[in-house]
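K.L.:
Those protein sequence lines, which keep their order, are chains X and R. Residue numbers are given in numbering that gives the first Met the number 0: position 151 of the first sequence equals residue 150, and the series is strictly consecutive. Residue numbers are given in numbering that gives the first Met the number 0: position 8 of the second sequence equals residue 7, and the series is strictly consecutive.
Quick caveat, the hints were computed from the structure, so don't treat them as lab data. Mixed in with the good hints, there may be bad ones.
You can't tell identical chains apart in this list, so a pair holds if it fits in one copy or across any two.
[Said to hold, decoys possible] Using 27 Å as the maximum straight-line C-alpha spacing, the simulated DSS-like pairs for lysine-lysine come out as follows:
#, residue 1, residue 2
1, Lys-79, Lys-55
2, Lys-79, Lys-24
3, Lys-55, Lys-75
4, Lys-115, Lys-149
5, Lys-19, Lys-115
6, Lys-149, Lys-55
7, Lys-149, Lys-79
8, Lys-19, Lys-55
9, Lys-134, Lys-115
10, Lys-75, Lys-24
11, Lys-134, Lys-79
All of these numbers come straight from a predicted model, not from anything done at the bench.
Number of protein chains: 2
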Amino acid sequence: MRKNTRAPGNQEIERKFLVKQLPEKLNRWRHYSIAQGYLAIESFGRRHVRLRRRGKSASLTFKVGRGAHREEREIKLSAKQFAALWPATAGRRLRKLRYEIPCNGLLIEIDVYRGKLSGLVVAEVEFPDLAACRKFEPPSWFGREVTGEKSYSNVRLATE
Amino acid sequence: MRKNTRAPGNQEIERKFLVKQLPEKLNRWRHYSIAQGYLAIESFGRRHVRLRRRGKSASLTFKVGRGAHREEREIKLSAKQFAALWPATAGRRLRKLRYEIPCNGLLIEIDVYRGKLSGLVVAEVEFPDLAACRKFEPPSWFGREVTGEKSYSNVRLATE
Chain X
0 MRKNTRAPGN QEIERKFLVK QLPEKLNRWR HYSIAQGYLA IESFGRRHVR
50 LRRRGKSASL TFKVGRGAHR EEREIKLSAK QFAALWPATA GRRLRKLRYE
100 IPCNGLLIEI DVYRGKLSGL VVAEVEFPDL AACRKFEPPS WFGREVTGEK
150 SYSNVRLATE
Chain R
0 MRKNTRAPGN QEIERKFLVK QLPEKLNRWR HYSIAQGYLA IESFGRRHVR
50 LRRRGKSASL TFKVGRGAHR EEREIKLSAK QFAALWPATA GRRLRKLRYE
100 IPCNGLLIEI DVYRGKLSGL VVAEVEFPDL AACRKFEPPS WFGREVTGEK
150 SYSNVRLATE
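Using the sequences plus the hints, can you model the full thing?
P.N.:
Laid out in structure tokens, this is it:
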């Protein structure tokens, strides 16, 4: 088994930052609300199964690993499938508004958390390869990098 | 939140036994092969998400709790949904042949394990209510009762 290699479609290379100041006119970018909850969380979140509703579409995602490298498998769920499983995530959910901002050929995703996490704003950038990941220069409105910090994982945010 | 009450459709009341001797002419009863694997196992198996293929049909099941009382939520999966998630269960799978034997208005499910668990045979009986559960008298070919014993949970059998 090799580590740190990229299985096409299954692994993500990404960095995560706090956001010091939201860009102006944020609403001009594509945005939508997300509600997500966790069916099961194993090994302190290093392996988990997540349900997500994004607008009218729903999905179930399996993730293992954390930080810059991880494996992810996702399926779309019908409204009926989602409704049958969603009650099992009670007490381990979060809501956020996501904005998608194009930036030098990359996509910055800004998550503005709502509900009990209101006030927290996080930016995530996904990269096509490790080289692009390393050479990325954060824009001035980004704050501290929190890539791989457990306390900013969505699993922890949803359950604490 | 109440405990030990039954939410219709969501909770199972069942007992589990080892099988001393398989009944004769077992193949006259309905039977089918089952392959199952675990996407995520939380709290030593007390909460988990399971994938199962039974003949040509596939499902994803959420379970929380153990023993005579537990909550269960299940959805059917398309072949495509199943195929996308199944690789994530590598190393935490088991195979068995299940026989369904009607007995005094109840259904006895016999699981004959295969592969590395070959030789293990377990019977499970599900009850409509607690009264039926308590008054059940095991047939002579049943062995020791293992209801609630962690070492005979499918989660443990699949991962050890």
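K.L.:
Hints first: check each against the structure and report whether it holds.
P.N.:
Hints and how they fare:
1. Lys-79 to Lys-55: both (12 Å within a copy, 21 Å between copies)
2. Lys-79 to Lys-24: neither (36 Å within a copy, 41 Å between copies)
3. Lys-55 to Lys-75: both (11 Å within a copy, 20 Å between copies)
4. Lys-115 to Lys-149: Classified as within: same-chain Cα gap 18 Å, cross-chain 37 Å, threshold 27 Å.
5. Lys-19 to Lys-115: within (20 Å within a copy, 55 Å between copies)
6. Lys-149 to Lys-55: Neither: 30 Å inside a chain and 40 Å across chains, both beyond 27 Å.
7. Lys-149 to Lys-79: neither (33 Å within a copy, 33 Å between copies)
8. Lys-19 to Lys-55: neither (31 Å within a copy, 52 Å between copies)
9. Lys-134 to Lys-115: For Lys-134 and Lys-115, the Cα distance exceeds 27 Å both inside one copy (35 Å) and across copies (48 Å).
10. Lys-75 to Lys-24: Classified as neither: same-chain Cα gap 32 Å, cross-chain 43 Å, threshold 27 Å.
11. Lys-134 to Lys-79: Neither: 43 Å inside a copy, 37 Å across copies.
Hint check: violations occur at hints 2, 6, 7, 8, 9, 10, 11; the rest are consistent with the structure.
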